[in-house]
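Visitor: Take a look at the letters that make up each chain.
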Amino acid sequence: MSYRDYVTAAYAVFAAVLLWDYVVPRLRIRQLLRSARLLAARRAAASSASEAPAGELPR
Amino acid sequence: MNPVVRWFHQLGSPPYFDRFAARWAPWAYGIGLLVMAWGIWQGLFVAPADYQQGDSFRILYVHVPSAWMSLAVFGLMAAYAAAALVWRIKLCEILAMACAPIGAGFTLITLATGSIWGKPMWGTWWDWDPRLTTELILLFLYLGVIGLYHAIDDRRAAARAAGLLAIVGVALLPVIRYSVDWWNSLHQGQTISLLGESKMDPSMLPPLWAMVIGTHVWFIGSLLARARADNLWRESGKDWVRKLGQVPQ
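Chain order of the listed sequences is P and S. If you read the first sequence in this note's numbering, its first letter stands for residue 15, the second for the next number, and so on. If you read the second sequence in this note's numbering, its first letter stands for residue 3, the second for the next number, and so on.
Treat the hints with caution; some may be incorrect.
Derived Cβ-Cβ restraints for the label pairs, each shown as a range [said to hold, decoys possible]:
| hint | chain 1 | residue 1 | chain 2 | residue 2 | range |
| --- | --- | --- | --- | --- | --- |
| 1 | P | ALA59 | S | ARG179 | 57 to 63 Å |
| 2 | S | PRO28 | P | SER61 | 32 to 38 Å |
| 3 | P | ARG18 | S | HIS11 | 50 to 56 Å |
| 4 | P | ARG56 | S | LEU166 | 35 to 41 Å |
| 5 | S | TRP9 | P | LEU52 | 31 to 37 Å |
| 6 | S | VAL6 | P | ARG44 | 53 to 59 Å |
| 7 | P | ARG18 | S | PHE142 | 30 to 36 Å |
| 8 | S | TRP184 | P | LEU52 | 54 to 60 Å |
| 9 | S | TRP211 | P | SER61 | 44 to 50 Å |
| 10 | P | ARG44 | S | ALA39 | 55 to 61 Å |
| 11 | P | ARG44 | S | LEU196 | 35 to 41 Å |
| 12 | S | GLY32 | P | ARG44 | 33 to 39 Å |
| 13 | P | ARG56 | S | HIS189 | 53 to 59 Å |
Examples of chain P residues lying across from chain S (beta carbon under 8 Å, computed) [stated by the list, open to error]:
| hint | residue |
| --- | --- |
| 14 | ALA23 |
| 15 | PHE28 |
| 16 | ASP35 |
| 17 | LEU46 |
| 18 | LEU47 |
Not close to chain S: a few residues of chain P, all C-beta gaps over 10 Å, as computed [to be verified]:
| hint | residue |
| --- | --- |
| 19 | SER16 |
| 20 | ALA59 |
| 21 | ALA63 |
Worth flagging that the hints you see were computed from the coordinates, not collected in a lab. Just so it is clear, CB atoms sit at the ideal spot from N, CA and C, and this is done for glycine as well.
Excised from the complex, chain S in its bound form:
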């Protein structure tokens, strides 16, 4: 068998996944933290202040990567949920449900930091603007997935029900993404482009890309740690978990 395919099959084994997650989660956390620390340092103390917004623009170094993560994590959660529904892969259920609290955290950061930036720049903490409102709905969707998963006793049935909600909720992602183009919005349009030319000054971009990479790597660590916890919970009582409990961690 192809080694990659074999590894993929092995990863579906709960004890193997536990060892994998225990080994790689600290690395992902550590690397993510280092990259973000560099990004924050550059963003706060090295990048020049904006000619109109002054230093308040520095909030975007935490706001924009979190906003991108809030969308990306939801998309990934729906993809895992779809794979779990179609192929009945238990690990995909676990990974999908592990995505939800992390995505909710990033959505909360997006809304809070956007609000904090909005007060001095727009003169208000909140406006029922299409981008802000759809991002708030995204937070409610995340909370709905988390709530549904914990409301049903049967773990597998709970993951399937919550996964279905995640799959339906994916329809919101393009609405959030294009809300600034489709409607008159107080929120600014696209400033930073992954492939094309960005409207930001190039001297302001390196910290932003560092934060984007750092949050992604951090997410991998958090996903592995949360999935490991859920995996241990589902498997509690099995021999391999009891043996693991006897090993000092």
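Bound conformation, chain P alone:
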């Protein structure tokens, strides 16, 4: 194949940008769902603490 290096470089740029385009939103969604999970756990812990029997010292 003539101009092999140029052709390879062009297709590598194309593949790299598409890979970035695929990975970035997936990572962002994963991070947001993780944050949502942590927030839900924190709120559940806070509500169970507020339901503690009278006389118990708050933590």
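Let chain P serve as the given structure and place chain S on it in line with the hints.
Guide: What follows is chain S alone, placed relative to chain P:
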């Protein structure tokens, strides 16, 4: 109510859109990737070499579809931004802003692959030619939209400001398209036509059309995924997002 109209209204609901995007984005990515894989295979190993350019012409199979996408995505972004400004549809703001990084990516591919092709064919990596220069301005416009969207804390105000920039920037699209006709340009004129007869040999066309279709379908997947991420971010703290966080993805 008409089922299509009802579906359109449902799609404006953030939880419904999240389910829709989560379901269809992987399909669009997968189909787009398969079609592009076929196009790349045909373009690299089956299509005959050009009688003048040799194998360097194979770069056009990634360059031309990306260039078309860079223009089409900007037009779509401006259309979503206009709809968001006129009708105050939050989903349109999200979709408009999701278009920007994808369009910027395709513009970057266009400039980089054009430059790589230009070195052996024109003898230079870059020339301040009207087509190249206007495409570079398009990249700066995309970066401007992205930067403006992230520079303002209020998401809705940010989307409106960035959307306005996108609407104004649409004026650049015909300049890019017709730059090769209006000015003396090093860049070649129109070779491939969607409706009329193309100047390329028919044996070279199937991989190109496959790449054009593949990049469009890929774009749908990417748009859904990015819009889903932005939608989750804006809605973080709402009950439906917290419940979603408890479901293993």
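Visitor: The structure should be examined with respect to each hint, and the outcome stated for every one.
Guide: Going through the hints against the structure:
{"no.": "1", "hint": "ALA59(P) to ARG179(S): 57 to 63 Å", "verdict": "holds (58 Å)"}
{"no.": "2", "hint": "PRO28(S) to SER61(P): 32 to 38 Å", "verdict": "holds (35 Å)"}
{"no.": "3", "hint": "ARG18(P) to HIS11(S): 50 to 56 Å", "verdict": "holds (54 Å)"}
{"no.": "4", "hint": "ARG56(P) to LEU166(S): 35 to 41 Å", "verdict": "holds (38 Å)"}
{"no.": "5", "hint": "TRP9(S) to LEU52(P): 31 to 37 Å", "verdict": "holds (34 Å)"}
{"no.": "6", "hint": "VAL6(S) to ARG44(P): 53 to 59 Å", "verdict": "violated (33 Å)"}
{"no.": "7", "hint": "ARG18(P) to PHE142(S): 30 to 36 Å", "verdict": "holds (33 Å)"}
{"no.": "8", "hint": "TRP184(S) to LEU52(P): 54 to 60 Å", "verdict": "holds (56 Å)"}
{"no.": "9", "hint": "TRP211(S) to SER61(P): 44 to 50 Å", "verdict": "violated (58 Å)"}
{"no.": "10", "hint": "ARG44(P) to ALA39(S): 55 to 61 Å", "verdict": "violated (26 Å)"}
{"no.": "11", "hint": "ARG44(P) to LEU196(S): 35 to 41 Å", "verdict": "holds (38 Å)"}
{"no.": "12", "hint": "GLY32(S) to ARG44(P): 33 to 39 Å", "verdict": "violated (19 Å)"}
{"no.": "13", "hint": "ARG56(P) to HIS189(S): 53 to 59 Å", "verdict": "holds (57 Å)"}
{"no.": "14", "hint": "ALA23", "verdict": "holds (5 Å)"}
{"no.": "15", "hint": "PHE28", "verdict": "holds (4 Å)"}
{"no.": "16", "hint": "ASP35", "verdict": "holds (5 Å)"}
{"no.": "17", "hint": "LEU46", "verdict": "holds (4 Å)"}
{"no.": "18", "hint": "LEU47", "verdict": "holds (5 Å)"}
{"no.": "19", "hint": "SER16", "verdict": "violated (4 Å)"}
{"no.": "20", "hint": "ALA59", "verdict": "holds (13 Å)"}
{"no.": "21", "hint": "ALA63", "verdict": "holds (18 Å)"}
Hint check: violations occur at hints 6, 9, 10, 12 and 19; the rest are consistent with the structure.
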